[in-house]
Amino acid sequence: MRGLERSAAFWLRAYPPAWREERADEVTAVLLDLAPDGARRLDARTALNLLRGGVATRWRQTPPVHVYLAYRMFDVRVPVQYREWVRQDITGPGHLRRNLSGRLWLFVFTMYNGIAAGFPAATVLWWTAMAVALTACLLLVRPEVAVRRRLQRHVRRRARDEPRDVGGYVWVRRPRERVMAEPGARVLVVLLAVGAVAWSVAAVLAPTRLSAVSCGPACSELVAVPRDAQLLVTAPLAAAAAVGLAVAVAVARRCRRLLAAAPAQPARRLVGLAPHAGIAVALWTVVIVAAALAEVTGEWVLSLSALAGPVCLVLLPSALAVWWHARTWGGLALVDLCRVAWTGRPVTVDELDTDLVRAVALEAR
Amino acid sequence: MSEQAYLVLLALAEEPRHGYGIVQAVTAMSDDRVRLGAGTLYGILDRLVEAGYTEASGEVVVDGRLRRYYRLNPDGMAALAAETARLTDLASLARRVLAARPSSRPALGSA
Chain A
1 MRGLERSAAF WLRAYPPAWR EERADEVTAV LLDLAPDGAR RLDARTALNL
51 LRGGVATRWR QTPPVHVYLA YRMFDVRVPV QYREWVRQDI TGPGHLRRNL
101 SGRLWLFVFT MYNGIAAGFP AATVLWWTAM AVALTACLLL VRPEVAVRRR
151 LQRHVRRRAR DEPRDVGGYV WVRRPRERVM AEPGARVLVV LLAVGAVAWS
201 VAAVLAPTRL SAVSCGPACS ELVAVPRDAQ LLVTAPLAAA AAVGLAVAVA
251 VARRCRRLLA AAPAQPARRL VGLAPHAGIA VALWTVVIVA AALAEVTGEW
301 VLSLSALAGP VCLVLLPSAL AVWWHARTWG GLALVDLCRV AWTGRPVTVD
351 ELDTDLVRAV ALEAR
Chain B
1 MSEQAYLVLL ALAEEPRHGY GIVQAVTAMS DDRVRLGAGT LYGILDRLVE
51 AGYTEASGEV VVDGRLRRYY RLNPDGMAAL AAETARLTDL ASLARRVLAA
101 RPSSRPALGS A
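Sequence lines, in order, name chains A and B.
With the first letter of the first sequence counted as 1, position 315 gets the number 315 in this note's numbering; the numbers rise by one all the way through.
With the first letter of the second sequence counted as 1, position 22 gets the number 22 in this note's numbering; the numbers rise by one all the way through.
In case anyone wonders, no lab produced these hints; they're calculated from the structure.
Keep in mind it's a predicted model, so treat the numbers as computed, not measured.
Treat the hints loosely; a few may be bogus.
Pair by pair, the computed Cβ-Cβ distance ranges are [unchecked claim]: (1) B/D32 <-> A/P143: 48 to 58 Å; (2) B/D63 <-> A/E162: 33 to 43 Å; (3) A/E144 <-> B/D32: 52 to 62 Å; (4) A/L104 <-> B/R33: 51 to 61 Å; (5) B/S30 <-> A/P143: 31 to 41 Å; (6) A/T348 <-> B/D63: 21 to 31 Å; (7) B/S30 <-> A/P36: 15 to 25 Å; (8) B/E83 <-> A/R160: 52 to 62 Å.
Just a few of them, taken from the derived set where beta-carbon distance is under 7 Å, the chain A residues facing chain B [stated by the list, open to error]: (9) D25; (10) V27; (11) V30; (12) T46; (13) N49; (14) E221.
Ideal placement from N, C-alpha and C gives every residue a C-beta, glycine not left out.
Let the hints inform the model, and build the full structure from the sequences given.
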């Protein structure tokens, strides 16, 4: 009988995974009952019948093209009858790949330009840098949190007449997860420190800069010219550092005043950084240092460093102040410190988060 | 409603049945003419459940095989009655037309 069951399982793969999860045992039992005694595999007619049924079931649950494209390309919510399909799409294997490939149209013109120009080295370099930066961003996000947020956006019930459950799954409340203050602030400090050092050095050492030159009446263009006055770069950097220190003093004062009165957070659960956050920080460091090096060597004209260097210098002292307070006050989340430092308003109390779980799992709890 | 779906509704109207029970009942009712495959049966059951005509009414495990029973609910019974009325009207219409047909009418095209 085992051969027959294996054969049934093989042909049942024509059906959507969620359908199989719910019905496979039941349908396998029917298939075993229907098969002649001693059969080792399903006959061709039964197999074709299952194949057709599976395709029809998938087809019935899949939204029409216009709904599909609006969802895939622009993240538009689908009508209520396709919620189960969306749930599978968001939680099923390969969801990240599907989600990202749906955004590929954003890069159509860039890709067209690259292809039309025959992939020049500069374009390939840019794409590589973008890909590394994107990977670093994705690594900083916890995958299960990203899935939960997408479920909340696409599957959550918005109107009273919509059903409460989605194909055997129901919404429950759960504690809101927040990243702990200390490791989060540490990442912030490391990235800003790397940016401040690399880009400041690049701004000082870059051999060329952009300059607007006149090319006739009512016409000017940006061209790369050799660097002349060093003071034009060093003065803004020094000013940025001074402003940064002043801001940091204000931030430290805000933290002292507001963090002592931080309220209790019954609906919160503190978590560490995303599992691959270390790799993400390393990748960001590589991208920042590579961009700075390109300007130091004259590969790129002085541009990004002139802006990013001062910005990092302004923010770094405040980040250090936040980090120091994060170490002093335990039990806080990064979001609390950022809110206090950035807005000067008191810490808010988190509300409960929601999650979609199997109804069976809920009964077992 | 297809003939197969109609027969499945009829089978469930008699009593709640599991998947294999439905296949057997339909085969018996149609004198071995309609033999439902598992794919067809569950396609029909899915649609009937979606339309709110039938619902799962319980599960038992026999010889290690899961049997889920389905029963017809009032909506399904009403749909079955409506479909039966429609078929009856159709059949009586057909009988009237065939009865009114002159028996000695020459076939078109014959000399």
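For each hint, the structure was consulted:
Separated by about 54 Å at the C-beta atoms, B/D32 and A/P143 satisfy the suggested range of 48 to 58 Å. Evaluation of the 33 to 43 Å hint for B/D63 and A/E162 yields a pass: the beta carbon distance comes to about 41 Å. At about 53 Å, the CB distance of A/E144 to B/D32 agrees with the hint of 52 to 62 Å. Taking the beta carbon of each, A/L104 and B/R33 are about 52 Å apart, inside 51 to 61 Å as hinted.
Here the CB-CB span from B/S30 to A/P143 is close to 52 Å, at odds with the stated 31 to 41 Å. The hinted range of 21 to 31 Å is not satisfied by A/T348 and B/D63, whose Cβ atoms lie roughly 59 Å apart. Checking the proposed 15 to 25 Å range against B/S30 and A/P36 shows it holds: the Cβ atoms sit about 20 Å from each other. At about 33 Å, the CB distance of B/E83 to A/R160 disagrees with the hint of 52 to 62 Å.
For A/D25, the interface hint holds, the least distance from its beta-carbon to any beta-carbon of chain B being 4 Å, beneath 7 Å. The interface hint given for A/V27 is met, as the beta carbon of that residue sits about 6 Å from the closest beta carbon of chain B, less than 7 Å. Taken as an interface hint, A/V30 checks out: its beta carbon lies about 4 Å from the nearest beta carbon of chain B, inside 7 Å. Here the hint on A/T46 is kept, as its CB sits about 6 Å from the closest CB of chain B, short of 7 Å.
The beta carbon of A/N49 comes within 3 Å of a beta carbon in chain B, closer than 7 Å, and the hint placing it at the interface holds. Taking 7 Å as the C-beta cut-off, the interface hint given for A/E221 is violated, the closest approach to chain B being about 65 Å.
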